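Going line by line, the protein sequences match chains R and D. Residues in the first sequence are numbered consecutively from 9, following the numbering used here. Residues in the second sequence are numbered consecutively from 4, following the numbering used here.
No lab work stands behind these hints: they were computed from the structure. Some clues are possibly wrong.
[What the hints assert, rightly or not] In silico DSBU-like cross-links for lysine-lysine, where the CA-CA straight-line distance does not exceed 30 angstroms: (1) R/Lys391 with R/Lys405; (2) R/Lys391 with D/Lys25; (3) D/Lys227 with R/Lys397; (4) R/Lys405 with D/Lys227; (5) D/Lys32 with R/Lys396; (6) D/Lys223 with R/Lys242; (7) D/Lys255 with R/Lys242; (8) D/Lys227 with R/Lys396; (9) R/Lys397 with D/Lys25.
Since the model is a prediction, treat every value here as computed from it, not as a measurement.
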Amino acid sequence: MMLCGYLPLKLSMKDFFRRYWVKALFFFSVVGPGIISANADNDAGGITTYSVVGAHFGTKMLWVLLLITFSLAITQEMGVRIGLVTRQGLGGLIREHFGVRWTAFAMLALLVANLGTITAEFAGIAASFSIFDIGKYWSVPLAALSVWFVLYKGSFKTTQKIFLIFSAFYIVYIINGFIVEPDFVQAAKDMVTPTIEWTAPFLLTMIALIGTTITPWGQFFIQSYVVDKGLNIKHYRAEKGEVFLGAFITDIVSFFIIISTAATLYKHGVRIENAADAALALRPLAGDMAQYLFAFGLFSASMLGAFILPVATAYAFCEAFGWESGFNTTWENGKTFYSIILIAIILPALIVLIPKVSLIKIMVWSQDINGILLPFILIFVMKIINNKKIMGEHVNKLVGNIISWATIIGIIIATITLVVASFAGVF
Amino acid sequence: MPYISHLLNSKVRDSSEAIIGKLDDILVKATPGDYAPVSFLAIRLKNNPDLVYIPYAFVETLSKEEVSLNALFSKIQPTPVKEEEWICLRRNVLDQQIVDLSGARVVRVNDLRIGEFNGHMSVLGIDVGIKGLLRRLGLSWLGLERILAGNLIDWRHAQLVHNKGIQLNLAAKSLTKLHPADLANILESLSLRHGSGLVQALDAKDAAKVLEEVDPHLQKILVKYLGPEQAASILANMSTDEVVDLMKMLPKEEARLFLNRIQKGKVKKLENLFLYEDDTAGGLMTLDYLAFSPEKTVGEAIAEIKRASPSLRSIVYIYIVDTSNVFLGSVSMRWLLISDNDIKLGDLLKNYPISSTLSPEDDVEEIMNVMTKYDLYTAVVLDESKKLLGVVTIDDVMRLLAPKA
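Use the sequences and the hints to build the structure in full.
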């Protein structure tokens with residue numbers, strides 16, 4: 009008897025391409041997380057906050073941007089390292105090492121920060137449609153519905169890719185940044201000379217600047233990403249380089265948004281009250297099309313965030329509290345998972361629909377909430393990454409610890425000063 | 004009956020009512036399939052950072068109101084204990100992921116219920132519900148207890164998957180009682196760390212069955228995590244078409260490392276399957292089937308099936324080929340069963356329509372058409388000269404149609 013058949017040998021070109029393709033995919037799977045996470049950082053809250061920074065304070069805050077580029081690189085790298093070593097998400101790790109109370113605390117912080125950010129995304133959607141004279145009572149419910157529909161029925165991955173490609177729109181800011189002929193000398197000077205105004209508006213904008221660049225959800229996101237990709241510590245060097253590159257690219261974009269608004273709006277004393285004002289910064293490049301270009305960019309950035317954040321929030325919660333998650337669970341089993349997503353879509357949408365709220369303020373203040381809550385999440389990250397039992401030989405080095413703690417303490421001090429300054433302003 | 008959240012950190016008094024310290028942890032003995040009896044209390048003494056372990060025999064009461072010893076503390080000789088040999092309820096169980104065997108799902112431990120069973124203080128149940136969460140958070144006063152349904156799992160139906168050697172082996176034993184498909188789902192919901200630990204603890208045969216059911220992405224991750232050395236024995240137990248699909252997802256050099264470790268004969272088969280595109284008959288077919296010469300008798304065939312059965316996933320048909328491997332027809336188990344032992348297999352053959360066979364390039368659509376038209380559970384794949392290349396079974400087609408299940 010024979011156990012198996014016999015086969016003729018043939019080698020095809022297809023075979024060759026398949027192998028090659030696998031390699032290319034492998035390359036992208038490693039190149040992914042840093043860039044994606046960094047790119048998603050420039051969401052509705054991001055564009056608006058950077059625009060406000062430039063429009064209201066010129067290039068004065070560029071030194072903060074320079075410093076937090078390092079902070080962003082280091083904190084994201086830590087997230088990657090924890091993910092590679094523990095192969096577990098941040099939510100699960102916090103639960104297993106700090107117990108249920110600290111977990112509840114961390115998750116509450118994450119929830120508030122994320123709801124804030126999602127609110128900003130819907131505000132961004134409303135603002136971009138307002139440029140076309142479409143009211144928010146139409147655009148926001150429609151966007152909320154389509155987000156839910158795509159998440160529940162459609163392909164999350166494809167949609168994510170589409171909006172990620174759209175967000176290449178930021179390149180226009182870089183080109184625009186050269187066209188407006190900004191004062192690069194002054195910008196360079198401001199980048200290395202810390203100036204601070206002890207007023208509530210300045211501090212509020214500064215914390216928003218930090219909070220939109222380094223976010224609590226970004227910390228959770230990057231760690232889950234490397235875990236889901238199945239990367240391990242072998243990939244550490246490639247990942248590290250990629251994360252650093254990602255941080256650099258994000259902040260280059262941020263730099264040019266600030267420069268563009270500084271050289272246009274700040275110069276003429278225009279304050280940003282709505283999206284149309286922010287769009288003016290693109291006039292030198294796009295002329296009369298600036299409005300539409302800005303609307304398109306803001307919309308796709310907002311949609312990207314509106315897709316990722318509710319899901320990211322639900323995954324983090326389910327991991328920490330042990331509820332079933334994922335879109336292939338049934339309604340019955342995944343009740344909590346789906347409920348969190350629904351709440352994270354509906355509640356923010358409702359907030360944006362409150363009559364007469366300032367969309368710009370929502371977008372900036374939500375980033376303040378992120379900034380204020382960030383130190384709490386980072387402290388957990390620091391406790392984990394310096395724990396030899398968890399990280400083994402991959403615990404933090406001195407430089408990493410110094411930069412991270414400096415970031416944490418810096419934000420805390422800024423927050424306390426903000427509180428004091430706003431009270432001082434009142435009395 | 005108390006919950007562990009009531010007990011931890013409560014003051015421990017000895018028989019003179021003096022407070023000696025706080026309850027830090029409870030150590031129980033791992034007893035598979037039974038309630039785990041409490042063996043030691045780990046107590047953090049006042050003014051002393053070290054833990055002492057008091058055997059349960061010295062415990063007077065262990066309740067929500069009071070934790071007390073039945074002797075003077077100075078009279079008790081604390082026992083040296085290696086924590087690795089016991090299950091520490093706080094450190095190893097609370098807040099960790101466990102497998103609920105009765106529901107075949109992964110849950111997180113929110114609280115533990117402790118009580119007398121057969122005269123022994125034991126862990127009885129695992130609270131995985133919101134109630135347990137609120138109790139741990141000290142929010143029981145909210146009074147939601149009455150509205151919320153409890154969610155308690157019997158300790159005997161729960162399996163720890165903590166990274167400790169002994170426990171994992173026990174876990175492996177009780178988990179193999181689950182269907183491989185359920186076990187695969189569990190693997191998918193465990194954290195990668197625990198999941199890969201679990202695969203390592205299973206024996207190669209069980210691990211192979213489970214791995215076949217796991218979604219391809221996780222398959223890849225797990226195999227890479229295990230490395231060629233450990234994965235080889237698992238891969239050798241998987242059916243050839245599954246191994247090929249898996250290897251196709253790896254970069255060439257890596258795949259080679261894995262293939263180098265699998266026995267020679269199997270590799271030859273595997274290399275042949277590599278030639279075909281994934282979603283074609285050639286890519287879907289398996290090489291694990293039984294083929295016989297038409298001269299063999301029914302009795303001989305049945306004897307061979309009995310011998311080869313352990314190494315084959317399923318046997319629905321046997322295939323009859325001539326000496327140069329040209330396909331002559333197939334015989335179902337049913338026909339074998341009802342035919343006399345001395346009948347030659349060749350005599351059982353009926354003419355088969357050539358359109359009921361597949362060629363390696365046929366796509367899924369074509370495969371489904373053939374299988375539906377001729378009511379087939381398996382379809383043979385033939386080359387141009389009608390030589391038997393392999394067999395596509397219906398489960399491989401179903402997997403393509405319902406990838407999420």
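Hint consistency between D/Lys255 and R/Lys242 [alpha-carbon to alpha-carbon, up to 30 angstroms]: Within the cut-off at roughly 17 angstroms; holds.
Pair hint outcome, D/Lys227 versus R/Lys397 [Cα-Cα no greater than 30 angstroms]: It holds: about 24 angstroms lies between the C-alpha atoms, which stays within 30 angstroms.
Given hint R/Lys242 paired with D/Lys223 - CA-CA distance at most 30 angstroms: holds (15 angstroms)
R/Lys391 paired with R/Lys405 [C-alpha distance capped at 30 angstroms]: holds (13 angstroms)
Hinted pair R/Lys405 and D/Lys227, Cα distance within 30 angstroms: The hint holds at about 28 angstroms.
Agreement of D/Lys227 and R/Lys396 with the hint, judged by alpha carbon distance not exceeding 30 angstroms: Roughly 25 angstroms separates the two Cα atoms, so the pair holds.
Holds or violated: R/Lys391 to D/Lys25, with C-alpha atoms at most 30 angstroms apart: Answer holds: R/Lys391 to D/Lys25 is near 25 angstroms, not above 30 angstroms.
Hinted pair R/Lys397 and D/Lys25, Cα distance within 30 angstroms: holds (25 angstroms)
Restraint check for D/Lys32 with R/Lys396, where alpha carbons must lie at most 30 angstroms apart: holds (28 angstroms)
When each numbered hint is compared with the structure, no violation occurs for any of them.
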